[in-house]
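Below, each chain spelled out in residue letters.
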Amino acid sequence: WWGLLRGLLLVVLAAGSCQGNSVERKIYIPLNKTAPCVRLLNATHQIGCQSSISGDTGVIHVVEKEEDLNWVLADGPHPPYMILLDGNLFNRRVMLQLKGTSRVSGLAVAVAKPSPPQGFSPGLKCPNDGFGVYSKDYGPQFAHCNKTVWNPVGSGLSYEDFDFPIFLLEDANETQVIKQCYQDHNVPRDGSGPEYPLCAMQLFSHMHAVTSTVTCMRRSSLQSTFSINPEVVCDPLLDYNVWSTLQPINSSGKVDPEKEVIIVATRIDSHSFFWNIAPGAESAVSSFVTHLAAAEALHKVSDVHLLQRNIMFTFFQGETFDYIGSSRMVYDMEKDKFPLRLDNIHSFVELNQVALRNDSILWMHTDPVSRMNESVEVQVRNLLDVLSNSSMGANVTLQEAGYSQPLPPSSFQRFLRARHIPGVVLTDHKTAFQNRYYQSMYDTPENIRMQYPEGLSPEETLEYVTDTAKSLAEVATVVARALYRLAGGANNTSAIQADPKTVSRMLYGFLIKMNNSWFQSIIKPDIKGILGDVPQHYVAVSSPVNTTYLVQYVLANLTGTVVNLTKEECLNPEKTPGSEKEMYEYAWVQGSLDPNSTSRVPYCVRSTVHLSKALSPAFELRQWGSTEYSTWTESRWKEIRARIFLVASKELEIITLVVGIAILIFSLLATYFINAKADVLFSIPRDPGAVAY
Amino acid sequence: AFFWLVSLLLSSLIWFIAVKASNPWDEPLQKGLLIFGVMFSVLLQEAFRFLYYKLLRKAIEGLVALSEDGCSPISIQQMAYVAGVGFGLMSGAFSMINLLADALGPGTVGIHGDSQLYFLTSAFMTMVLIFLHTFWGILFFHGCEHRHWWEIMAVIVMHLAVSGSTFCNPLYVGSLVPSYLLMAAAAAWAYLLSGGSARNLQRFLLCK
Chain A
1 WWGLLRGLLL VVLAAGSCQG NSVERKIYIP LNKTAPCVRL LNATHQIGCQ
51 SSISGDTGVI HVVEKEEDLN WVLADGPHPP YMILLDGNLF NRRVMLQLKG
101 TSRVSGLAVA VAKPSPPQGF SPGLKCPNDG FGVYSKDYGP QFAHCNKTVW
151 NPVGSGLSYE DFDFPIFLLE DANETQVIKQ CYQDHNVPRD GSGPEYPLCA
201 MQLFSHMHAV TSTVTCMRRS SLQSTFSINP EVVCDPLLDY NVWSTLQPIN
251 SSGKVDPEKE VIIVATRIDS HSFFWNIAPG AESAVSSFVT HLAAAEALHK
301 VSDVHLLQRN IMFTFFQGET FDYIGSSRMV YDMEKDKFPL RLDNIHSFVE
351 LNQVALRNDS ILWMHTDPVS RMNESVEVQV RNLLDVLSNS SMGANVTLQE
401 AGYSQPLPPS SFQRFLRARH IPGVVLTDHK TAFQNRYYQS MYDTPENIRM
451 QYPEGLSPEE TLEYVTDTAK SLAEVATVVA RALYRLAGGA NNTSAIQADP
501 KTVSRMLYGF LIKMNNSWFQ SIIKPDIKGI LGDVPQHYVA VSSPVNTTYL
551 VQYVLANLTG TVVNLTKEEC LNPEKTPGSE KEMYEYAWVQ GSLDPNSTSR
601 VPYCVRSTVH LSKALSPAFE LRQWGSTEYS TWTESRWKEI RARIFLVASK
651 ELEIITLVVG IAILIFSLLA TYFINAKADV LFSIPRDPGA VAY
Chain B
1 AFFWLVSLLL SSLIWFIAVK ASNPWDEPLQ KGLLIFGVMF SVLLQEAFRF
51 LYYKLLRKAI EGLVALSEDG CSPISIQQMA YVAGVGFGLM SGAFSMINLL
101 ADALGPGTVG IHGDSQLYFL TSAFMTMVLI FLHTFWGILF FHGCEHRHWW
151 EIMAVIVMHL AVSGSTFCNP LYVGSLVPSY LLMAAAAAWA YLLSGGSARN
201 LQRFLLCK
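Sequences listed follow chains A and B, in order. Position 625, counted from 1, in the first sequence is what UniProt numbering calls 625; the numbers after and before it change by one each time, with no gaps. Position 192, counted from 1, in the second sequence is what UniProt numbering calls 192; the numbers after and before it change by one each time, with no gaps.
Rather than coming from a laboratory, the hints here were simulated on the basis of the structure. In this text, all values refer to a predicted model and were calculated from it rather than measured experimentally. Take the hints with a grain of salt, since some may be wrong.
Now the stretches of chain A that chain B is said to cover, found in silico as 3 or more residues with beta-carbon under 8 angstroms [as the list claims (entries may be wrong)]: (1) 27-41; (2) 194-206; (3) 646-659; (4) 670-683.
All residues carry an ideal CB built from backbone N, CA and C; glycine is no exception.
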């Protein structure tokens, strides 16, 4: 009997603790549309935020102006406080004040609409310092941004270590619910403190990794080696680089050392203070969309196979975190694991942030230190001249940044570390970034002045050509013409034009809505689940991310050809004769919807688009404390959530407990006495039939 | 306890089917279905109490046959008391356990406007129900034993009244006060039926 009863009680307890039961809904309001700040680690430091293992709780206080902070820091009678911060106050000064006090148990930031007008960048003033080419041995006058501060708005907030959780409230409705709860319960009345019950918030974001990559990778590898159920605490940031060549090359073999290749590069990732929020409009999307348009324009040229030099279009992933993708490609080229070697590279063209041009000027940055060498100087001069000539007739003015300027943070710097290759970086800024929201959540389509007229349906918005698209298409045209000339093309380049419609569709897909009809028609059938979220471009730890997939498939669509193969032949090209499996990649894509039906017409695309692994060489070599290669890792966690509720006063809790204990003691006493005096209380009538003498 | 659990399972099954088969957005209909469900559950619990009485009657005959001196080691009144306590404990456990599990968290009831005293009043209501089930057990079995149908009807009516009064919540005065008064009445009645009297009570209190 006892066992059965115990079993039943356990079932009841389990039923009581499951989610969504009505008592829990009376107590808690969960906050669903939030983004946490997570912990990232590198060789020596940890950055980001941490909460306690069972969440951090605090009384809510809304801070909309600086004076409200005094209540939290000094006056308020119910510490610790959970602050709801207005987005415009989310700056370094306020954050360092909050970091220093123990009266703050967490922070929820409401997105500022519109974006803060003075700019907001939680990135560093000198991005990727120490991992580029400038150091005390090479161009020391340019190292550590001595000459030019690239991101003057940068506060470095993303790279601080906070010991309380910080969440972003993305939904204005939820922010309003919290403010309403605060107005109802927490506002001080008549000068004295507010009374219980008070509105409180609890944030869960416990991170498992501590100290640095060295520590957490050591612990993870110990776990993986010795434990049956390993408990890994951190993961390196990794993904894939996307690369494609104009003339097909054997991707598993080696390219002839005599063959020269021009590399065109852009980055495809971005970052912000909060996890998985990285719209990256100006810092990443503008550049790789331009690059994709230039690739499309070049592939349309009729005599590509006659060009003297090949062109490789490379999209690097992970560049935000100390050049993960480009450092890995350089390492692979040096160690002969990549079809190309560093000797094959003739020149390097990189596109950095190109959407915010002032007066249509596009700046050409070169490395002054390597240009001191005569042979390099000649080639760089040639490169600059070709670029300037290609801009004739287009609405783009190319100007040189000059000898006094170093290179801005770019993937080209990693290639320069290995070899003095002539190269140029094209940007819209001469000294400091034009982008005032670099690496932040405000780097949105509005930042690159993308505007759509009201009342358009999603399909119409997809096809509408914005001014931003036209401007990026002009840059793409100039780049494509210059690349044609550099590759040895002799014909007239006026026919080479980038298509603004394609640029516009790509901008819409990568910045506003990934789940549009064009993207749906160019991806594989079994990965259509990747579309549908708000687009963002964080490198993350599970690969490949949506952005990498989409760049791969868009590039395949724009530069590849449709071939007449069946599904089996397309998925197994090694069995098909004449398919040249090593030179090409075959993909079976969904195709577009028939206008009147719900089925799609899939087809096979042959392209030269390949993926190459973008994991920092530090992890391949197991040098977790490396200062040569990127060592960024992301911590693991179990649950991340947020909720608000009311907290009762300590007095009410004590009263409830004391009343309960008092009733318990009273009932024990009463039972004892009733039992002892049972014969007095109950005179049992003798049942005549039952007694037997 | 097991019998009470089975009765709760069956009545909740009926209510669940009724809810799923009806329109979830129709508020008065859902409230009506809830009231129907509660009343049906009360009747089902009493029916299972009757079934349990029948089972125990058979058990007593078996115990009498097995015993050496022809009388059962447990009297029917003791069985009545134990049955009542079992029903009460199980109903109390079901009422309180999920509340206690949620009370462990940092929050208290109130953000949607409910009363802050939710936990306290739930605890008192559970206590009164456990006592009531105990006394009703004694009354019910006595009524079945001596064929006093009015006692059985009184138990059913009292149970319906107490369960119905909970629909007054959150006006806790409307549910707690009548329930405690009914508990006092049922306690007195059960005490008298178990062989007590006012004189015994006086002697008990004065001897202290």
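Coverage of the region 646-659 of chain A by chain B, judged on three or more residues with CB within 8 angstroms: holds (count 6)
8 angstroms C-beta criterion, at least three residues: is the region 27-41 of chain A covered by chain B: holds (count 3)
Please verify the coverage claim for the region 670-683 of chain A: does it have three or more residues whose C-beta sits within 8 angstroms of some C-beta in chain B? Per the Cβ count (6), the hint holds.
Residues of the region 194-206 of chain A with Cβ under 8 angstroms from chain B, three needed, outcome: Coverage by chain B holds here, the residue count being 4 at a Cβ distance below 8 angstroms.
When the structure is compared with the earlier hints, no violation turns up for any of them.
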